[in-house]
Every structure is written in C-alpha cells, then in structure tokens.
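Chains as they are written, first to last, in the working numbering: chain B, 1 to 152; chain L, 1 to 554.
If you're looking for bench data, these hints aren't it; they were derived computationally from the structure. Any given hint could be a false lead.
[Said to hold, decoys possible] Dumping the calculated EDC-like pairs for lysine to aspartate or glutamate here, alpha-carbon to alpha-carbon at most 20 Å:
no.	chain 1	residue 1	chain 2	residue 2
1	B	Lys-11	L	Asp-449
2	B	Lys-7	L	Glu-431
3	B	Lys-11	L	Glu-303
4	B	Lys-11	L	Glu-365
5	B	Lys-7	L	Glu-303
6	L	Lys-317	B	Asp-31
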Amino acid sequence: MSAPLPKRIIKETERLQNEPVPGISAQPHDDNARYFDVMVEGPGGSCYEGGVFNLELFLPDDYPMCPPRIRFLTRIYHPNIDRLGRICLDVLKNNWSPALQIRTILLSIQALLGAPNPEDPLNEAVAKQWKENQSEAIETAREWTKLYAQKN
Amino acid sequence: MNVIDSVGLSDFGAEGEEDSSDTSSALMRPDEQLEEKSAPAILAAHDDARALVRLVQCQLCSKPFRLPVTLPCGHSLCRDCLPEAHEREHVSYPDIPGRRKALQCPFEDCDEEHATADCNVDVTLNKIMEAIVDVVAKHTSIAGDTPTTMEVISSWDNPTGILPSSEKTIYHQLPGGRLIATFTLAAQGKLGYNTELNYPIESSAEESERAVDDTVLSDLLESLRKEVDCHVCYNLMLDPVTTFCGHTLCRRCLERVLDHSLHCPVCRRTLVIQPSLKTQPTNKTLDNLLKGLCAEALAARAEAFAQEEDEEQGDLKTPLFVCTLGFPNQPTFLRIFEPRYRLMLRRAMETNREFGMLMYNRYLEPQGDLGPVHFYHYGTMLHIVQTQTLSDGTSLIETRGLYRFRVKAHGTRDGYSVGSIERIEDVTLEEEERIEAEETSLPPVEMGDMVDEIARMSTHNLLEMGRAFVARMQSRSASWLQQRVLDIHGQPPSDAALFPYWFASVLPISDEEKYKLLSTTTVRARLKVTASWIRRIESQRWYAPSPSPSVQSE
Numbered sequence: 001m002s003a004p005l006p007k008r009i010i011k012e013t014e015r016l017q018n019e020p021v022p023g024i025s026a027q028p029h030d031d032n033a034r035y036f037d038v039m040v041e042g043p044g045g046s047c048y049e050g051g052v053f054n055l056e057l058f059l060p061d062d063y064p065m066c067p068p069r070i071r072f073l074t075r076i077y078h079p080n081i082d083r084l085g086r087i088c089l090d091v092l093k094n095n096w097s098p099a100l101q102i103r104t105i106l107l108s109i110q111a112l113l114g115a116p117n118p119e120d121p122l123n124e125a126v127a128k129q130w131k132e133n134q135s136e137a138i139e140t141a142r143e144w145t146k147l148y149a150q151k152n
Numbered sequence: 001m002n003v004i005d006s007v008g009l010s011d012f013g014a015e016g017e018e019d020s021s022d023t024s025s026a027l028m029r030p031d032e033q034l035e036e037k038s039a040p041a042i043l044a045a046h047d048d049a050r051a052l053v054r055l056v057q058c059q060l061c062s063k064p065f066r067l068p069v070t071l072p073c074g075h076s077l078c079r080d081c082l083p084e085a086h087e088r089e090h091v092s093y094p095d096i097p098g099r100r101k102a103l104q105c106p107f108e109d110c111d112e113e114h115a116t117a118d119c120n121v122d123v124t125l126n127k128i129m130e131a132i133v134d135v136v137a138k139h140t141s142i143a144g145d146t147p148t149t150m151e152v153i154s155s156w157d158n159p160t161g162i163l164p165s166s167e168k169t170i171y172h173q174l175p176g177g178r179l180i181a182t183f184t185l186a187a188q189g190k191l192g193y194n195t196e197l198n199y200p201i202e203s204s205a206e207e208s209e210r211a212v213d214d215t216v217l218s219d220l221l222e223s224l225r226k227e228v229d230c231h232v233c234y235n236l237m238l239d240p241v242t243t244f245c246g247h248t249l250c251r252r253c254l255e256r257v258l259d260h261s262l263h264c265p266v267c268r269r270t271l272v273i274q275p276s277l278k279t280q281p282t283n284k285t286l287d288n289l290l291k292g293l294c295a296e297a298l299a300a301r302a303e304a305f306a307q308e309e310d311e312e313q314g315d316l317k318t319p320l321f322v323c324t325l326g327f328p329n330q331p332t333f334l335r336i337f338e339p340r341y342r343l344m345l346r347r348a349m350e351t352n353r354e355f356g357m358l359m360y361n362r363y364l365e366p367q368g369d370l371g372p373v374h375f376y377h378y379g380t381m382l383h384i385v386q387t388q389t390l391s392d393g394t395s396l397i398e399t400r401g402l403y404r405f406r407v408k409a410h411g412t413r414d415g416y417s418v419g420s421i422e423r424i425e426d427v428t429l430e431e432e433e434r435i436e437a438e439e440t441s442l443p444p445v446e447m448g449d450m451v452d453e454i455a456r457m458s459t460h461n462l463l464e465m466g467r468a469f470v471a472r473m474q475s476r477s478a479s480w481l482q483q484r485v486l487d488i489h490g491q492p493p494s495d496a497a498l499f500p501y502w503f504a505s506v507l508p509i510s511d512e513e514k515y516k517l518l519s520t521t522t523v524r525a526r527l528k529v530t531a532s533w534i535r536r537i538e539s540q541r542w543y544a545p546s547p548s549p550s551v552q553s554e
C-alpha cells in the first residue's frame with residue numbers, strides 16, 4: 001500500500017529534469033517514481049574521463065529522513081566501490097542530512113570518481129593495488145572505463 | 001510555554017493588528033482552520049506600504065534588519081543591536097565558550113538571558129533582507145523623479161509624552177512609490193518602528209502609483225520565493241523554527257529530523273535542543289513576514305498539510321507497533337528509540353494517545369485473511385499513560401491495555417505499520433451463561449483427560465483454581481510473584497474477566513502460549529486457557545523463562 005508521492009520528491013524530480021546538472025542525469029521510472037535510472041559521466045582529468053556510468057537510485061519510504069539507496073550498475077575499478085556497485089560515501093550513510101538531495105548526492109559521487117580514497121576502502125583488493133602501485137591502478141581503471149563504461 | 005498561543009502580534013502596529021489577527025489564529029492551527037475559508041488578510045502593496053516595511057524593521061534601531069539575529073525566544077534584531085554580553089554567574093554546566101557570556105534579552109515579553117552562543121545570524125532572514133535590498137536598489141534606480149510624499153503622524157505612544165505641536169507637521173519626500181520611499185525612509189533611520197505615516201493622495205497619479213507598488217511587491221515575492229522554502233519538505237515554511245545556528249525549517253520537519261539525529265541538517269552542528277521542540281518558539285519575524293506577504297499561499301499550504309496528514313491515513317488509521325504482547329487492563333513499559341516509532345508515538349500523543357500492540361510473527365505463520373504477515377493479527381490497544389523523553393530523544397513510555405482487536409487490513413505509514421482493526425469483545429452475559437450451563441452439564445469423563453476435565457469445571461471454580469494456584473506459589477516465594485512484580489501489575493484481580501490477563505502478565509511462560517487469550521470471546525474460554533497452564537505446570541513443572549515485563553522496541 002503506497003502513500004502518495006511527497007511534494008519534495010515531485011519537486012526534486014522536476015528540478016532534475018528542468019535544470020539538469022552537466023554530466024549527470026536521473027530519470028524516474030514510469031511505474032515507480034521512487035526508482036531512478038542514473039547516468040554519471042566520469043569527471044574530466046580523472047581516470048574515468050570519457051566513461052558513462054549507469055547507477056540505480058531508490059528513494060526509501062522515509063526519504064528524505066533517510067538517504068537514497070544507490071549503487072553502480074556499470075562495472076568500475078575504484079577503491080571505494082565494491083563488486084556489487086555499492087558505494088562507500090559518508091553522505092550516503094552517517095553523514096546524510098535531509099537538507100541534501102538527489103542532485104547533491106550525485107555530484108558527491110561524481111567527485112568521488114575524481115578523488116578515490118584508498119584509505120577508507122570498500123574494495124580491499126583495489127585499494128591495496130591503489131596504495132602499492134598507483135599508476136598501475138589508474139591504468140586499470142582507465143581500461144575498465146573503456147571496457148565497460150562506454151555509451152552504447 | 002505553549003508556543004502556538006504565544007505567537008503574538010506585538011510586532012505589528014495598530015494598522016497591522018486589525019488585518020492579521022484572524023489569519024494568524026487560523027494559520028497556526030491548520031486542523032481547525034479548514035472550515036473558515038475567509039480570505040486571508042494579505043498586506044496590499046500600496047495601501048499597506050507602512051505595515052509591510054514594519055515587517056522587516058528592527059524594533060531596536062527601527063532600520064531594516066542588517067545581519068538579523070533570531071534569539072532563542074523567537075524575536076529578531078540586528079546583530080549590531082544585540083545588547084552587550086556579560087559574564088554569567090552561577091552557571092557551571094555546560095562550561096563551554098559562548099555559554100560563559102550572556103546578554104539580557106531586550107524584548108519585554110522575554111526578559112530572559114540568552115547565552116551568546118545561541119545568538120547567531122538568522123541565515124534565512126538575512127537572505128531575505130539581502131533580496132529585499134537588491135529589489136529596492138533596482139527599483140530606486142528606475143524610479144525616476146516621481147517622489148512620494150510622506151507625512152509623519154505624531155505617534156500617540158511618543159515616549160516623551162510631548163507632542164511636537166509647536167512644530168509644523170514633518171514631511172518627507174523620497175523617490176519611488178510608497179513601498180520604496182517608505183523603505184528608504186526606514187533605511188535612513190527616519191522612520192521609528194511605531195511611527196505611522198500618512199500619504200497625501202494626489203488623485204491624478206493614484207492609479208499609476210498603485211501599479212508601481214504592485215510591481216515592486218511582485219518582484220519582491222518572486223525573489224523571495226526560494227528563500228522561504230523549507231530545506232526538508234521543499235514547501236513554504238509552515239510554523240518556521242530557527243535553530244541556534246541560524247537555520248530555519250518547518251516545525252514539523254525539524255521534529256522529524258530530530259527523530260533521526262541531533263544535528264542541524266543544514267550545517268551539521270549539534271543541536272542543543274529539546275527533541276520535542278516543545279519550548280522552541282516560532283521565528284516571529286519570519287512568521288509575520290510570511291503571513292503579511294503570502295498569506296494565501298501559507299493558508300493553502302496549511303490546508304494541504306492537514307489534508308496530507310488525513311489522506312495518508314486512508315482507512316488504515318490505527319498505528320500498530322509490532323513488538324510484544326500486551327493485555328487489557330495491564331501495564332506495558334516500552335522504550336521507544338527507532339525514529340519511525342518516535343514519529344508514531346508523537347502522532348499518538350497528538351491524537352488519542354493510543355496505538356495497537358502486536359506480537360512479532362517470527363516464522364510468518366499465516367494470519368487468517370492476511371496470510372503470512374510479520375505480526376500476529378490479534379493485538380491489544382494500548383493507552384499511553386505517561387511518556388518521558390530522554391535527552392537523546394528516546395522515550396520511556398508507560399501504557400495500559402484498553403481492549404483487544406484483530407487487524408483486518410494493514411499498510412505502512414512513514415516506516416511503521418498501520419491498519420484497520422475490529423474490536424474483539426466478549427459475548428453477552430446470557431451467551432456466557434448458556435455456554436457454561438451447556439459445558440458443565442456434560443456427562444463426567446474418565447480421570448486423566450485434562451481438557452475434558454477443565455471443560456466441565458464451573459467458571460467460578462476455574463477462577464478459584466487460578467487464585468488458589470497464585471496463593472500457593474506466593475507461599476512458596478515464587479520469583480515471578482515478588483513484590484516488585486505485584487507493585488507493577490497489582491494483586492490478582494477477583495474479576496474473572498480480568499484475572500487471566502493479570503495471570504498472563506506475571507506468569508513466566510512463552511508468549512505464544514499467552515497469545516491464546518487475545519482471541520477469546522468468553523470469560524470462560526480465557527479461564528480455561530489459564531487452567532490448562534496451571535494443570536500443565538503442576539504436572540510437569542512446565543514453564544519456560546520469559547523476558548522481564550519491560551521490553552524494548554524491536
């Protein structure tokens with residue numbers, strides 16, 4: 001039994017579509033307005049540049065009191081993103097605040113692509129590689145981007 | 001202090017008071033105002049120019065707010081108008097910088113001390129002032145040379161009591177329509193907060209002047225629109241409350257935020273605030289400003305909010321707490337810490353102080369028409385006797401069982417379960433008597449069959465069996481009948497209808513077994529259940545330890 005969609009979600013969705021953020025898009029499903037198909041472009045200058053990453057985003061019942069649930073669908077080589085696409089990002093967990101929104105969260109994720117943090121890893125193997133041989137890790141990330149994150 | 005009732009209109013002058021008194025009471029009680037659809041008294045750009053400017057005048061310096069600070073009492077003033085802080089005495093906790101000094105509140109109806117740490121720039125009000133100054137600057141530059149004449153009315157509340165009768169009436173001439181000219185006069189410090197103005201009308205230009213003011217006001221509303229939206233619900237702020245760090249949200253939104261965390265959602269500073277916001281006053285300046293500028297939108301917002309609250313519920317009106325067993329007439333103690341249940345508790349406290357208690361259905365056993373659901377479908381309606389909110393926002397509550405019910409349909413609302421229920425009641429006394437007569441007159445059975453034997457006992461004997469068992473156990477100092485338990489649950493009731501509930505509340509056997517009482521519809525049926533427990537305990541020492549009566553939410 002679903003309650004009517006809160007005004008906040010309606011407004012956020014409208015703004016996402018009317019004032020899109022460059023390099024980011026979020027499209028709600030027709031049959032479930034709380035479920036979004038998300039696309040984030042790899043930031044320029046990073047090893048993910050040129051990549052187009054697909055993510056899924058879901059707004060739980062108690063949104064915005066609780067953060068959106070979000071994960072990468074496109075494979076990505078990143079110390080803070082695990083094999084299931086889950087993301088280690090403070091604002092998606094304890095540092096969530098209801099004053100944040102879908103837009104700011106997606107920008108944070110894009111920024112995370114530009115600044116991988118192997119000190120707080122979610123993917124141990126990638127983080128290890130990142131710390132021990134950064135240039136090789138970056139190269140792998142570039143390859144994966146070419147391999148999996150191309151626009152089709 | 002009741003915040004809602006304390007929202008005063010003292011910030012308005014004589015003119016404003018008349019216009020706004022009815023809307024304010026209507027708006028502050030969204031649930032009561034639905035019937036009264038009288039048009040809200042919005043301040044008109046031209047005719048109420050003086051009152052409009054007063055909305056943003058500092059009561060201390062009479063100038064438009066500059067870096068406004070909203071005090072813990074809900075009043076605002078310019079930062080430069082804050083009285084000088086003094087060292088506080090006799091305050092040793094919490095001894096942190098910013099709380100060692102305090103200032104005396106200059107507003108008469110407050111007159112309290114405010115710690116300097118609590119006096120910060122009101123971010124929303126400041127942005128509003130910046131937007132106003134921008135709009136005024138823009139319109140002043142295009143105003144050209146058609147000035148507005150303003151005649152200062154000698155104010156009857158002149159503190160000196162001396163009317164400047166010997167002098168000529170004071171006139172001011174400033175560029176722009178009434179709004180711009182009046183604001184500019186205030187900015188120049190020539191318009192006292194309580195001073196009234198008269199605008200001598202030059203009939204020829206009346207229409208065009210009116211149009212000028214209307215344009216200014218609509219420009220202003222346009223540029224203020226995004227500043228007066230709540231950061232959490234994205235709607236026009238309803239009953240705005242400002243935190244000590246200067247951030248403003250709807251009261252309802254801040255309440256909900258505090259269910260989850262004691263940090264400001266905007267700046268993440270720890271909020272030293274009562275999570276219930278009971279004593280947190282409304283931001284008076286902002287509230288009056290919203291009422292003066294967009295009373296209609298605000299009324300619509302309040303109405304939509306009330307409707308939303310109503311609609312969301314639909315037929316599933318009863319809040320359900322899936323946690324433990326409760327029994328009619330018996331106390332249940334709970335600690336509420338999950339955000340969703342805090343919200344449920346608050347809503348219950350605002351309405352009839354009741355919620356349904358259901359037992360958790362761990363193995364998803366089918367529950368009648370509902371199928372395998374996460375709760376057992378018979379429950380007890382609990383009445384909240386008292387709540388104590390701890391400093392971390394969690395609550396300890398004492399409840400007493402009212403009546404039993406069965407869940408007919410269920411759903412969720414903001415994370416907790418809700419449902420439509422039907423009451424489970426005992427059959428009529430005649431029916432009760434008929435059943436007893438029928439059962440006790442059955443031919444006797446062979447010894448040893450416990451069920452048949454119990455079925456043939458009189459209702460009175462079933463009760464006596466229970467009471468005798470309790471007396472026997474008491475004489476043996478059974479741990480589950482200690483004084484502490486009796487203090488909470490009382491002595492065994494002599495009322496046969498209630499004895500089983502009491503017995504189930506104190507007896508350490510499994511909850512699944514006790515649950516059988518909830519669906520019974522005769523006193524006799526309940527006593528037969530308790531009698532079967534006693535027989536089994538006596539024959540096998542059959543009972544399992546059970547958790548203490550004080551339980552936590554899931």
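Hint numbers not upheld by this structure, sorted from lowest to highest: 1, 2, 4, 6
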